[in-house]
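As given, the protein sequences belong to chains F and X, one line each in that order. 190 is the number that our numbering gives to position 190 of the first sequence; each next residue is one higher, with no gaps. Counting from 1 along the second sequence, just add 243 to a position and that's the residue number in our numbering.
It is worth saying that the hints were derived from the structure and are not from the lab. Each residue gets a CB set at the ideal place from its N, CA and C atoms; glycine is no exception. Don't take each hint at face value.
Example chain X residues on the side facing chain F (calculated, C-beta under 10 Å, incomplete) [claimed, not checked]: (1) Leu279; (2) Arg280; (3) Ser285; (4) Leu292; (5) Ser320; (6) Gly321; (7) Val324; (8) Ile325; (9) Pro344.
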Amino acid sequence: MSLLASLLPSAAYSFGGAFEFIFSEQTSNVTGGHKVGGIDQVLELAATQIEVSILALLLAMLIALPVGLYFGHRGSGELVAVGIGNAGRAIPELAAIALVALVIGVGTGTLVLVLAVLGIPPILTNAFVGVRQVDRASVDAARGAGMTGFEVLRKVELPLAVPSIMQGIRGGSVNIVATASIAPLVGVATLGEFILGENVYGANGVLAGAICVAILALIFEFGLAALQKRLTSKGLKLQQASA
Amino acid sequence: MPASTKDAASGMGLTRRQVLWKVEVPMAVPEIIAGLRVATVSTVAIATLAVFAHGGGLGTQILGEANLKFPTTIVISGAIVIAMALCFDAILLLIQRLLTPWRRVRVV
Chain F
1 MSLLASLLPS
11 AAYSFGGAFE
21 FIFSEQTSNV
31 TGGHKVGGID
41 QVLELAATQI
51 EVSILALLLA
61 MLIALPVGLY
71 FGHRGSGELV
81 AVGIGNAGRA
91 IPELAAIALV
101 ALVIGVGTGT
111 LVLVLAVLGI
121 PPILTNAFVG
131 VRQVDRASVD
141 AARGAGMTGF
151 EVLRKVELPL
161 AVPSIMQGIR
171 GGSVNIVATA
181 SIAPLVGVAT
191 LGEFILGENV
201 YGANGVLAGA
211 ICVAILALIF
221 EFGLAALQKR
231 LTSKGLKLQQ
241 ASA
Chain X
244 MPASTKDAAS
254 GMGLTRRQVL
264 WKVEVPMAVP
274 EIIAGLRVAT
284 VSTVAIATLA
294 VFAHGGGLGT
304 QILGEANLKF
314 PTTIVISGAI
324 VIAMALCFDA
334 ILLLIQRLLT
344 PWRRVRVV
């Protein structure tokens, strides 16, 4: 099985067939007239994928944001923040999920943990860089006005770093949503079910799953982009518009 | 990219294309390489998923049926993938150093 051979279409599939799979039930390749696909199953699996993705994203934010903000505020630990960011990206999800599954067993917990690891690097790096690059003059002014270190972080650095932080969260969320497709490995049925189950769902099912995952990732991206717009302070928007 | 640098370049008589290739692109090398490094490292890690497309690779070792109760192969394959990603990263870093010799000069 060469890599090239695997890239060539191995079975009959078409975009038309994939969309048919999404919207109406198909007879499974497995004998017995079992029905698969259809909008109901797609929505059910998508809901699970959204649920685990949001949990993983929240966990990643819970870990990465405080660390990134703290180091960014102190202006030290660049090596740590960037190092974790780089090394974290190098961790192969497949190995991580297999290993965690061995240690704590299969299930949603394992999945969320591994997906969170995937989301940490971009969020951490961007939070760090975002706070770090805040204009020193603004920080000095805030200090001069008598703000404590925490107030400076919360009232000055954090609002100014919102675009960078949100960019990290968006990057992390797309990674997480897309990779949540490997969930069936630990017994959680997400849209990956279609992608990894060619025997049952057929080539059209695989393509349908991939299309749905891509759409889901875009929805997360656009949703968070809208959120970023709302969270960005008015002054910063004016500044960006004039720049 | 400071506007003054571009002004200086056009002041020296460089055409717009020359400004792009001789000033802007070299100055942007660190950022370009930084983006490449992120993309390369994650791609190497994600390539383990090739096993699902019957593409082989180290993912085969991780997903092997015998391994499911035996973590050593998973750990070793994972470590190899990480080491490989970091090697690619180091190579890109080296390329960046070679492409931007002026950044190595210490300003006294």
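Going through the hints against the structure:
1. Residue-level restraint check for Leu279 of chain X is violated (minimum Cβ-Cβ distance to chain F is 12 Å; threshold 10 Å).
2. Against a cut-off of 10 Å between C-beta atoms, the interface hint on Arg280 of chain X holds, since the closest Cβ of chain F lies about 7 Å away.
3. Contact between Ser285 of chain X and chain F, as hinted, is supported at the beta carbon level, the nearest pair being about 5 Å apart and thus within 10 Å.
4. A hinted interface residue such as Leu292 of chain X counts as satisfied when its beta carbon comes closer than 10 Å to some beta carbon of chain F; here the least separation is about 6 Å, so the hint holds.
5. About 6 Å separates the beta-carbon of Ser320 of chain X from the nearest beta-carbon of chain F, less than 10 Å, and the hint is met.
6. Hint status for Gly321 of chain X: holds, given a least beta-carbon distance of 3 Å to chain F, under 10 Å.
7. For the restraint placing Val324 of chain X at the interface with chain F, the shortest Cβ-Cβ distance is roughly 4 Å, inside the 10 Å limit, so the hint holds.
8. Of the supplied interface hints, the one on Ile325 of chain X holds, with its beta-carbon coming within about 5 Å of a beta-carbon of chain F, less than 10 Å.
9. With a cut of 10 Å, the hint placing Pro344 of chain X at the interface with chain F is violated, because the nearest CB-to-CB distance is about 23 Å.
The structure fails to meet hints 1 and 9 from the earlier list, while all remaining hints are met.
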